[in-house]
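Asks: For the protein sequence lines, the chains are B and P, in the order given.
Each number in my numbering comes from the position in the first sequence (counting from 1) with 29 added on.
Each number in my numbering comes from the position in the second sequence (counting from 1) with 29 added on.
In short, the hints are calculated from the structure, not lab data.
It should be emphasised that the depicted structure is a prediction, and the values quoted were computed from it without experimental measurement.
Even for Gly, the Cβ is constructed at its ideal location relative to N, Cα and C.
Hints should not be assumed to be uniformly reliable.
[Unchecked claim] Here are the in silico distance ranges between beta carbons for each label pair:
id: 1; chain 1: P; residue 1: ASP134; chain 2: B; residue 2: ASP134; range: 30 to 38 Å
id: 2; chain 1: B; residue 1: ASN42; chain 2: P; residue 2: GLU135; range: 32 to 40 Å
id: 3; chain 1: B; residue 1: ARG84; chain 2: P; residue 2: GLY43; range: 19 to 27 Å
id: 4; chain 1: B; residue 1: ASP121; chain 2: P; residue 2: HIS125; range: 31 to 39 Å
id: 5; chain 1: P; residue 1: GLU66; chain 2: B; residue 2: GLU66; range: 34 to 42 Å
id: 6; chain 1: P; residue 1: GLU41; chain 2: B; residue 2: GLY120; range: 43 to 51 Å
id: 7; chain 1: P; residue 1: GLU66; chain 2: B; residue 2: GLY120; range: 37 to 45 Å
id: 8; chain 1: B; residue 1: SER85; chain 2: P; residue 2: SER83; range: 38 to 46 Å
id: 9; chain 1: B; residue 1: GLU86; chain 2: P; residue 2: GLY120; range: 37 to 45 Å
id: 10; chain 1: P; residue 1: ASP134; chain 2: B; residue 2: GLY95; range: 33 to 41 Å
id: 11; chain 1: B; residue 1: GLU66; chain 2: P; residue 2: VAL119; range: 39 to 47 Å
id: 12; chain 1: P; residue 1: LEU34; chain 2: B; residue 2: ASP121; range: 25 to 33 Å
[What the hints assert, rightly or not] Cut-off 27 Å, straight-line C-alpha distance, at most; resulting in silico cross-link-like pairs (DSS-like, lysine-lysine):
id: 13; chain 1: B; residue 1: LYS31; chain 2: P; residue 2: LYS55
id: 14; chain 1: P; residue 1: LYS38; chain 2: B; residue 2: LYS38
id: 15; chain 1: B; residue 1: LYS31; chain 2: B; residue 2: LYS69
id: 16; chain 1: B; residue 1: LYS55; chain 2: B; residue 2: LYS38
id: 17; chain 1: B; residue 1: LYS101; chain 2: B; residue 2: LYS31
id: 18; chain 1: P; residue 1: LYS55; chain 2: P; residue 2: LYS38
id: 19; chain 1: P; residue 1: LYS101; chain 2: P; residue 2: LYS55
id: 20; chain 1: P; residue 1: LYS31; chain 2: P; residue 2: LYS73
id: 21; chain 1: B; residue 1: LYS69; chain 2: B; residue 2: LYS38
id: 22; chain 1: B; residue 1: LYS31; chain 2: P; residue 2: LYS101
id: 23; chain 1: P; residue 1: LYS31; chain 2: B; residue 2: LYS55
id: 24; chain 1: B; residue 1: LYS55; chain 2: B; residue 2: LYS69
id: 25; chain 1: P; residue 1: LYS55; chain 2: B; residue 2: LYS38
id: 26; chain 1: P; residue 1: LYS73; chain 2: P; residue 2: LYS101
id: 27; chain 1: P; residue 1: LYS101; chain 2: B; residue 2: LYS55
id: 28; chain 1: P; residue 1: LYS31; chain 2: P; residue 2: LYS55
id: 29; chain 1: B; residue 1: LYS69; chain 2: B; residue 2: LYS101
id: 30; chain 1: P; residue 1: LYS38; chain 2: B; residue 2: LYS55
id: 31; chain 1: P; residue 1: LYS69; chain 2: P; residue 2: LYS55
id: 32; chain 1: P; residue 1: LYS69; chain 2: P; residue 2: LYS38
id: 33; chain 1: B; residue 1: LYS101; chain 2: P; residue 2: LYS55
There are 2 protein chains.
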Amino acid sequence: MKIDLEQIKFNENGLIPAIVQDHETKEVLILAYMNEESIKMTIKLRQAVFWSRSRSEIWHKGATSGDYLNIKSIALDCDLDAILLLVEMVGDAACHNGTSSCFIDENNNELRAII
Amino acid sequence: MKIDLEQIKFNENGLIPAIVQDHETKEVLILAYMNEESIKMTIKLRQAVFWSRSRSEIWHKGATSGDYLNIKSIALDCDLDAILLLVEMVGDAACHNGTSSCFIDENNNELRAII
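One chain only, chain B, in its complex shape (with noise of 0.2 Å):
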């Protein structure tokens, strides 16, 4: 089922979450955010474009590190309130500390364990 950019749930800021996963190893990567500009970008590009919410400007993933998230498919939920990005990692960092994902450390291990 495909649907039009006009039926996606932004929040109150203009923006949706959106969860980058790995297409083929499944990990979590990163969560970031992205807003109307930004998706229609990410569909031109083939290539992840977030909004920075620190920076509050237009965030092509991977323009300064070489680090692009190629795009394998962009979906919503069933609530059109968050997207799921597969992604091909060009680099061997999604995440800006330099590790694969934001969730992990370079051990593999979970970054910041709460249980």
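Based on the hints, put chain P in the right spot on chain B.
Replies: Leaving out everything else, chain P in the frame of chain B:
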């Protein structure tokens, strides 16, 4: 690295997004939200407890359906503003629409594909 709940960066509504992933299949099941109370209940019960934004109440997943999500691990990302829950599904449906995941339909196709 163990962290304290006080370190968690909740958003302006006192919530943090929680990615729920099956610990075996690695399938992303749902994106839900937690507040501090639901995190404490999750730790205590070892079952996923969220904050329902639509009902504005604590939501112990499975309390009515029996489809509990048993907790395998809880980890925060590097920015301390997103949670990854690894879970074991007790029933077949993690999503309220009856499918295992809120991102796929009953035929394991993406529910609402953009591309």
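Asks: So, for every hint listed, does it hold in this structure?
Replies: Checked hints:
no.	hint	in the structure
1	ASP134/P x ASP134/B: 30 to 38 Å	holds (36 Å)
2	ASN42/B x GLU135/P: 32 to 40 Å	holds (33 Å)
3	ARG84/B x GLY43/P: 19 to 27 Å	holds (24 Å)
4	ASP121/B x HIS125/P: 31 to 39 Å	holds (37 Å)
5	GLU66/P x GLU66/B: 34 to 42 Å	holds (36 Å)
6	GLU41/P x GLY120/B: 43 to 51 Å	violated (33 Å)
7	GLU66/P x GLY120/B: 37 to 45 Å	holds (39 Å)
8	SER85/B x SER83/P: 38 to 46 Å	violated (29 Å)
9	GLU86/B x GLY120/P: 37 to 45 Å	holds (43 Å)
10	ASP134/P x GLY95/B: 33 to 41 Å	holds (36 Å)
11	GLU66/B x VAL119/P: 39 to 47 Å	holds (41 Å)
12	LEU34/P x ASP121/B: 25 to 33 Å	holds (32 Å)
13	LYS31/B x LYS55/P	holds (24 Å)
14	LYS38/P x LYS38/B	holds (23 Å)
15	LYS31/B x LYS69/B	holds (15 Å)
16	LYS55/B x LYS38/B	holds (26 Å)
17	LYS101/B x LYS31/B	holds (15 Å)
18	LYS55/P x LYS38/P	holds (25 Å)
19	LYS101/P x LYS55/P	holds (12 Å)
20	LYS31/P x LYS73/P	holds (16 Å)
21	LYS69/B x LYS38/B	holds (15 Å)
22	LYS31/B x LYS101/P	violated (34 Å)
23	LYS31/P x LYS55/B	holds (24 Å)
24	LYS55/B x LYS69/B	holds (24 Å)
25	LYS55/P x LYS38/B	holds (26 Å)
26	LYS73/P x LYS101/P	holds (13 Å)
27	LYS101/P x LYS55/B	holds (17 Å)
28	LYS31/P x LYS55/P	holds (23 Å)
29	LYS69/B x LYS101/B	holds (15 Å)
30	LYS38/P x LYS55/B	holds (26 Å)
31	LYS69/P x LYS55/P	holds (24 Å)
32	LYS69/P x LYS38/P	holds (15 Å)
33	LYS101/B x LYS55/P	holds (17 Å)
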